[in-house]
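Visitor: Sequence:
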Amino acid sequence: MDKLKMQTENIADKNFEMLSKMFPNALTETITGYDDDGKPIVERAIDADVLRQEISCKVVEGKDERYQFTWPDKKKAVLKSNAPISDTLRPVYSQSVNFDKTENIYIEGDNLNVLKLIQETYLGAIKLIYIDPPYNTGKDFLYSDNFYQNINDYITMSGQIDEEKNRLVQNTESNGRFHTDWLNDFYAKIRLSKSLLCDDGILVISIDEKEYSNAKKICDEVYGEKNYFGDIVWEATTQPTNAGAAKFGLQKKTETILIYGKVMQARKEKGFILEQMDSTLSYPHTGKFGPCRFEVIEKSDAGSYNRESMKYKILGQSPREGKRWQIGEATARTLEKAGKIEIVDGVVKRAVYPEDEQDKIQYKPFWSLMLATDVGTAQTGKDELNTIMGAPMGFDAVKPIGLMKKIISYIEKDAIILDFYSGSGTTGVATMLLNEEDGGNRKFILVQTDKIQDGYDTSDAYKAGYKNICEIAKERLRRVGRQIKKDSVDTGFRVLKLDSSNMKDVYYNPSETQQSLFDTYADNIKEDRTPEDLLFQVMLDLGVLLSSKIEETTIAGKHLFNVADGFLIACFDNNVTEETVKAVAEKKPYYAVFRDSSMANDSVATNFDQIFASISPDTIRKVL
0 MDKLKMQTEN IADKNFEMLS KMFPNALTET ITGYDDDGKP IVERAIDADV
50 LRQEISCKVV EGKDERYQFT WPDKKKAVLK SNAPISDTLR PVYSQSVNFD
100 KTENIYIEGD NLNVLKLIQE TYLGAIKLIY IDPPYNTGKD FLYSDNFYQN
150 INDYITMSGQ IDEEKNRLVQ NTESNGRFHT DWLNDFYAKI RLSKSLLCDD
200 GILVISIDEK EYSNAKKICD EVYGEKNYFG DIVWEATTQP TNAGAAKFGL
250 QKKTETILIY GKVMQARKEK GFILEQMDST LSYPHTGKFG PCRFEVIEKS
300 DAGSYNRESM KYKILGQSPR EGKRWQIGEA TARTLEKAGK IEIVDGVVKR
350 AVYPEDEQDK IQYKPFWSLM LATDVGTAQT GKDELNTIMG APMGFDAVKP
400 IGLMKKIISY IEKDAIILDF YSGSGTTGVA TMLLNEEDGG NRKFILVQTD
450 KIQDGYDTSD AYKAGYKNIC EIAKERLRRV GRQIKKDSVD TGFRVLKLDS
500 SNMKDVYYNP SETQQSLFDT YADNIKEDRT PEDLLFQVML DLGVLLSSKI
550 EETTIAGKHL FNVADGFLIA CFDNNVTEET VKAVAEKKPY YAVFRDSSMA
600 NDSVATNFDQ IFASISPDTI RKVL
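Number 152 in numbering that gives the first Met the number 0 belongs to position 153 of the sequence shown; there are no gaps in the numbering.
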């Protein structure tokens, strides 16, 4: 029996556990004293400054010393990731492929803002996030890949000067002036990525030695050290950078791929999808439940094997002369009840199905080393890109398709894959090609900035007519899609472009507002926005998958969007009549959305709620 505690509950401990679950990044270590030997006593604690920052809309200052991974402006990075935005995603039909049927998404725009926009829609929905962020080399025109700060700016921002402007530290080049901006950028996005993963999802990051340690520390903080799976070492090159100069230094041959799970236990229980090795197990017969093999469950009862307790009836039949059963009666009754004992050719036999011996199946391991001969090199990826594009694109290195297919193959065949540093689109290409090979139905979401970086206008890609990296990726996806012959493979993609809100800016102080303005803002939607633009903003706001099926109909002369088979019905026309309102209510959608002030007259507006209350009371009504 349980022993009475004879004391009240430790509320502090309970609160600590609640806070640690809600804000794991606020967990820290602190020295609470020293033992008799003078050794520090370290205990877990909640970093109050971090906690205050998480629930604040302003930068919170703090100066207490503690064990932590920090850098100048880290708190601003937290604020940046938490700050709301009013942007939206607008569909671009002309650049999409098979827009109405595809479940793949290609998004152009700043990846931080895109991650914010899709938080509600893809909360816990992504199985694999793969990213190949900038390596902070100062050489990559795909992204802003030079995060070096001016030395004076760094010293000022990091507090390394006294009141008289004297430097307080030495050797600043080793302290972080070359890393701070990269850390702020990466940290904000990794924080947002976590909520998108399902519990058994994984985060995979390609990174080189320059920022590896920082990337791992950030992931340890955001995802937790316990959710670190390990590293893959990829043989990125087989050729020395400069054969003549190879004797003067260590030649870089590999790159590292970091792997984290959102919840390690969930990933362990789910497991990676491994390829089965050749097995001696076979199932040549057909039993009650499918392919199986039949095993005789009799053995000789001669000599010391004679056991009368093993001579009972199974399916009304006793062992044959000179035989006894190999299994005990309790086991036999369980198998009988399960239908896994049958009489075959007059002999009692056990039916063994694949699920009965999963522990005997051997699998090819998920190796932490990927060789060039198996998955290709960076040069392989570069050649693949140039070949499909029909001209050099000017990339120094591209992830090979074989590498991406290998990584993707370890997750479920119906998974959603997100790459928010998608570059030339290798992740999308690999997804389509792997689906063609194994019959999978994986979907991809690719995000890439459409900003033109310094130096791009002199690149081979620009000379070939591609105004930015997005144009390269979309054309590459189109060309690869046309080469895939299997009709079951989704080779399309919806192009969405990040833009400002569809709504007008109407934030005026009362003293600044003139009566003449009211007419201007009677319609709160920008003039250049289409009903399709409005629909996708609504889908984002309501958490509807951006790949959802969209059907368009006309009722009483009004244009309606039916999303996800009636989950959402939207009408953005003006002068909506009761006939249209009733028609929408009769479809009983989960959400019904109309344009603000779109009713034809006061009577329709007055009766709107009553119509839904009587026909479809559970429908959630919204106005835009």
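Treat the hints loosely; a few may be bogus.
Unchecked claim - Pairwise CB distance ranges (calculated):
1) Asp608 x Tyr362: 51 to 61 Å
2) Pro616 x Ile84: 27 to 37 Å
3) Gln325 x Glu268: 56 to 66 Å
4) Asp564 x Glu436: 24 to 34 Å
5) Lys75 x Lys251: 28 to 38 Å
6) Lys587 x Asp413: 46 to 56 Å
FYI, nobody ran anything at the bench for these hints, they're computed from the structure.
In this text, a Cβ means the ideal position worked out from N, Cα and C, and glycines have one as well.
Visitor: Assuming the hint says 27 to 37 Å, is it satisfied by the Cβ distance from Pro616 to Ile84 or not?
Guide: Given range 27 to 37 Å: holds, Cβ gap about 34 Å.
Visitor: Looking only at beta-carbon atoms, does the pair Asp564, Glu436 fall within the given range of 24 to 34 Å?
Guide: Holds, since Asp564 and Glu436 (Cβ atoms, about 31 Å apart) stay within the stated range.
Visitor: Quick check on a hinted range of 46 to 56 Å for Lys587 and Asp413, using CB atoms only.
Guide: violated (29 Å)
Visitor: Taking 51 to 61 Å as the hint, is the beta-carbon distance of Asp608 and Tyr362 inside that range?
Guide: holds (59 Å)
Visitor: Could you see if the CB distance from Lys75 to Lys251 stays within 28 to 38 Å?
Guide: Holds - the Cβ-Cβ distance for Lys75 and Lys251, about 33 Å, lies within 28 to 38 Å.
Visitor: Determine whether the Cβ-Cβ distance between Gln325 and Glu268 falls within the hinted range of 56 to 66 Å.
Guide: violated (33 Å)
In this structure, the hints that do not hold are numbers 3 and 6, in rising order.
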